[in-house]
Every structure is written in C-alpha cells, then in structure tokens.
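> The residues making up each chain are set out below.
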Amino acid sequence: MNGIIKLDNISKVFLDGDRSVEVLKSVSMEIKRGEFVAIVGPSGSGKSTLLSIMGALLTPSSGSIVLSGQEVTNARARQLKKIRKHKLGFIFQTAHLIPYLTVQEQLLLVAEIVSKRDREQREKAAHLINDLGLAHRENSRVDQLSGGEKQRVAIARAFMNDPDCILADEPTASLDSEKGRRVVKMLRKEVKNRQKSAVMVTHDERMLDLCDRVLYLEDGMMYEERKIHDEKLPLR
Amino acid sequence: MFLAFKELKFSKLKYAMVGFILTAILFLLFFVNGLASGLATADSSSLKNLPADYVVMNSEAEGNILKSEVGENAQEELGDSVAKDQFTPLTITMSTVKGKDAVADVVYFALETDHPSLPPVIEGKPIEEITGEEVVVDESIKRQGYALHDTLHDENLGADFTIAGFLENHTYSHMSVVYTNLNDFNKRSFSNPDKNQALLYYGKETDVAKMDVLTLEETVESMPGYSETQGSLLMMVTFLFIISAFVSTVFFYVITIQKRNQFGVLKAIGASTAFIAKSLVLQVVFLTISGLVLSLLGVSGMTKLLPDEMPFEISWQMIGFTGIVFLALNVSGSLVSVHQVAKTDALEAIGRAD
Chain A
1 MNGIIKLDNI
11 SKVFLDGDRS
21 VEVLKSVSME
31 IKRGEFVAIV
41 GPSGSGKSTL
51 LSIMGALLTP
61 SSGSIVLSGQ
71 EVTNARARQL
81 KKIRKHKLGF
91 IFQTAHLIPY
101 LTVQEQLLLV
111 AEIVSKRDRE
121 QREKAAHLIN
131 DLGLAHRENS
141 RVDQLSGGEK
151 QRVAIARAFM
161 NDPDCILADE
171 PTASLDSEKG
181 RRVVKMLRKE
191 VKNRQKSAVM
201 VTHDERMLDL
211 CDRVLYLEDG
221 MMYEERKIHD
231 EKLPLR
Chain B
1001 MFLAFKELKF
1011 SKLKYAMVGF
1021 ILTAILFLLF
1031 FVNGLASGLA
1041 TADSSSLKNL
1051 PADYVVMNSE
1061 AEGNILKSEV
1071 GENAQEELGD
1081 SVAKDQFTPL
1091 TITMSTVKGK
1101 DAVADVVYFA
1111 LETDHPSLPP
1121 VIEGKPIEEI
1131 TGEEVVVDES
1141 IKRQGYALHD
1151 TLHDENLGAD
1161 FTIAGFLENH
1171 TYSHMSVVYT
1181 NLNDFNKRSF
1191 SNPDKNQALL
1201 YYGKETDVAK
1211 MDVLTLEETV
1221 ESMPGYSETQ
1231 GSLLMMVTFL
1241 FIISAFVSTV
1251 FFYVITIQKR
1261 NQFGVLKAIG
1271 ASTAFIAKSL
1281 VLQVVFLTIS
1291 GLVLSLLGVS
1301 GMTKLLPDEM
1311 PFEISWQMIG
1321 FTGIVFLALN
1331 VSGSLVSVHQ
1341 VAKTDALEAI
1351 GRAD
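So the sequence lines, in the order shown, correspond to chains A and B. Sequential numbering from 1 applies to the first sequence in our numbering. Sequential numbering from 1001 applies to the second sequence in our numbering.
Read the hints as simulated data drawn from the structure, not as lab findings. Don't take every hint at face value.
[To be verified] Heads up, simulated DSS-like pairs for lysine-lysine below, C-alpha to C-alpha not over 30 Å straight-line:
#	chain 1	residue 1	chain 2	residue 2
1	B	1084	A	81
2	A	6	A	189
3	B	1100	A	82
4	A	6	A	82
5	A	6	A	192
6	A	81	B	1343
Please put together the full structure from these sequences, using the hints given.
Here is the structure:
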C-alpha cells in the first residue's frame, strides 16, 4: 500500500499587504498507512498551513498533493469537502465540541453529517466511546467533562466517519503533560488498531517518543530527524 | 434537525426570552388588527351593507353622507337611466331615543321598503313588511336594554317607534341604525319629503348633474375620520411587523456570529452550509410558530375579558394572513444569518486555541 498522504514540492504563498510571503517552501513528504507522524516546529513555521493543506482546507500555490490515493491538486471546493467528510478526521487544539450535546450525540452528529443516524452508526459510536474509556460518560454533556475527557471525545469523533487519516492540530495544547500523554497514547492505540494514519502538529516535545516519525518544520522548510538533537538534514 | 432542538433545550432561557418578545409583539399585532377591523365595522358597517350598487350624493358633501342633500331633480334624472324599482331615496337623521331606563344614540335610515334586497333581519319582522311606527334596529341597541316590541321614544323628533325586528352589522359611527319606511317617515311633521340625503340604486355607474356617484367602498372611505383611523392603525401594524422581523433577525444574527467558531468546526468535519442553515431556519420557524400560538391564546383570553362595547373583531383570514407574513419576514431575516454561516470558513477551526 502506497502513501495515504503524499505531498510533492508543496509551496504556499500568502499576500501580506503588498508583499508576498512564502510560508511553505517546496515541502515534500509521505505518510503511510498505519503510521503516526509528528510535525514539530516553532510558531510561524507554517505548521498550521501545512496541516490545512493536508486537511483539504487550503490549496497549495504550487506542487502536487495526493490524499488517500486521490490526486487533489486541482480539485474543486465541492470535491475537497467530500474528501474531508469521508476520508479525513480532525482533532483541534481545544476539543471544539458542541456544548449542548452529550458525548454520544457528538459522535452521532458526525454520522448525521456523513450519512444518517442508524443502528449501525449507534453501535459504532458506542464502540468508540468504549475504546476511549468514556463508557461511563456516554450521556454526559460537554460541560461535565474534564479537559482530557473532552479531547478523548474529540478523538472518538475524528474516527467516527471511518477516515483514512487523522489530522491533529496541537491536541495536547490545553492539557497538562500527564493527561496530554494519555490522550496521545490513546490516539496512537486507535491509529494502530484500525490501521489508519495520523499526523499530529505539536509543540510538545515530550510526546514525540510516542510517534513513529518526527518531521521538523522551520521557516517553511521541512527536515527529517530520526533522533532528537541530530544534525538537521534538509529534505528535498 | 436534532441539532436545532438540542440547542433550544440547552439554551432555554436565551430562546425563551426572544420567544417572549415575539409573542408580545404578535399579541399587540393581533390586538391592533382586531381593533382596526372592529372600529371599521362599528364606524361603517351600515354603509358597507347598504342595499345598493351605487350611492348618489351631492358634490358639495364630498362623500359625507350626513351633509349630502339630494332633491327632486336628481331623482328625476336618475329615473331616466335606472328603472324606478331599482332605486330609492335615503333619508338619514341622527337622533337620541329614550326607553324605559336607557338613552341611546341612533341613526334613522328611511327608505322605500319595496326596494330590492334589503338587509335581512336576524329576529322579528323583515324590513319589507314594516309599516307605520314599526322600525327594524341594529342589535347593538340590545346592550342598552332594548328588546323586541319595545318602544323607542324620540324626544327630539317628538315621535314613538316600535321595534319590530333586529339586524346585525348595521352601525354608523358606533350608533345603532334604525331602518324605517320612508313613506311613513315623510308623513311626520319633522320630515321634509323634498330633500333626501342620498339615492341608492342597483345598476351601472351613471352621471347625475351636480352629484357624485360613489360605490359602497368609496362611500365608506369618504366617511369623516374613517381613512385617518384605519390609516394610523395600519401604520402601527406595519411597524410592528417590521420591528418583530428586526428583533428576530438581530437576535439570530448575534447568536450566529457567536457560534462562527462552532460552525467552522462543523464545516471542517464536512458539514455543508445547508446542513447548518437548516437547523438555524428550523429554530426561527419553531420560535415564530410558538410565538403565534402563544399570542393567539393570549388574544383569545383577552377577548373574553373585553367589554361588549369594545369594538374588537378578529377573523381566521386575518390570523392566517398575519401568521404567514410574520413567518415570511422572520425567515427572510434569518437569511442574513445564513449568509454568515456561508461565509464561515472551515479554516477558522485550525490553529486556534478557542
């Protein structure tokens, strides 16, 4: 099986007033099925932009991109939305749950957006809730959950549409390190069990040992580094 | 669908408050509307229900039937184009009658009782059969304590009449109309048989020298004060419509802007604008219809408390029309919010702490 996400020479240029700023400079990378990859970099390095491009939310200025086997470089907005809906799962900095829904309903909402709420979807939701150790919280509303629990609901939600790839945007930013680590461990477990891929953008160096691979992004350039503190080699 | 109602349930207070405002505005709307149509009836129902296609008055009266004077010449001229049995002179006299213990203001409508299609009575003798002192009166006089076969003693005219029957919806300027036989009326000393207030006829519109020929509708509208009253009430109703649409539009607009972040997340997950908009519009429709139902309950309770003399009239057509216009305005107002939803980009969810 080939790469689920394949970026080839991706550049992204934004206009800042009358100057253009190149946020991503010829970034190439590939993520395989079952792989859990971290992207690390300082603020302003282009992490969020990269994640948005991988998440079919932004289109690159140049380069080509393949998401779950589909070439999407020149895809239309409607097609991108379809890919997001069926092939990708998102986890955000804060859980971004809908405040007035219970844990179970958060997952069923995804089911309703993607297809419809039926028995099968209910069972799937129950299964995910159980997997993430939230069974006792199934009918609790968001405001009754702890920060870690919320993020676990967000993980369950991301898996709900059975995506090929999970994109996580600093999922531990609002958690302390112990809770953050548990959340990332669970994410890893789900990725491995279900043979999905995951890309996690993070500041948090303590989580990196849980990832299969770590990519470094600095000033829009990507470096690969198998061991921390190795000399950074530009990847082209 | 379930998103919309879960949210309503969760933010009960917020939505209850705006629902209350909508209910209050609608209540006022129905009330002013009912008052407008009640006043119109009390003012002019007798003119609206005159047995005629056209009313002939002299030009100087400018449509005010009380000021009008129509003489023999006009009758002769009208006789050339309209068959004799299709027209009748109408004499109008305002007066006050005294009964056993009550005084009532009345308006006499004296006409030829062989005129076709006279207003039907709801009780007693039909107008066609009354003779001599017999009169047929609008039922509103019952509120002054009069009953069938009672005597109306008119001190101004120095005459007595007997109530032979009752009509409905025949009031002029909130006064009960008294139908009498013109021939018998003219025999009395106070009456001037050569001068009538108007001529009523069935047929096509014609020209009569120095006279205005008005339809019943024009006759009603040229009544002194009628257009002014109805116009200002209509203005109130219009403004209430506009205010209600603004209240709900602004409320949902503000809430939508507060929730942009949430919508961004939903969109990132794959929800379309239509998916989100559907739940928004559903909320607007739900609140509007609840407001309609509650305010109608309020209005129907209110009508039970109102005194009989209060001119208040509400019809299903009016309720239906008001409801549809109100719903249409509120739903079109919610499109402003839908536009905000459409503008929300899924990208807003990425790289944000909250």
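> Next step is simple, just say for each hint if it's right about the structure.
Here is how each hint holds up against the structure:
1. A distance of roughly 81 Å separates the Cα atoms of residue 1084 (chain B) and residue 81 (chain A); the hinted pair therefore is violated under the 30 Å criterion.
2. For the hint linking residue 6 (chain A) to residue 189 (chain A), the alpha-carbon distance of about 23 Å falls within 30 Å, and the restraint holds.
3. Taking the CA atoms of residue 1100 (chain B) and residue 82 (chain A), the gap is about 86 Å. The hint is violated against a cut of 30 Å.
4. For the hint linking residue 6 (chain A) to residue 82 (chain A), the alpha-carbon distance of about 18 Å falls within 30 Å, and the restraint holds.
5. Using a Cα cut-off of 30 Å, the hinted pair residue 6 (chain A) and residue 192 (chain A) holds, with the two alpha carbons roughly 20 Å apart.
6. Between the alpha carbons of residue 81 (chain A) and residue 1343 (chain B) the distance comes to roughly 15 Å, so the proposed pair stays at or under 30 Å and holds.
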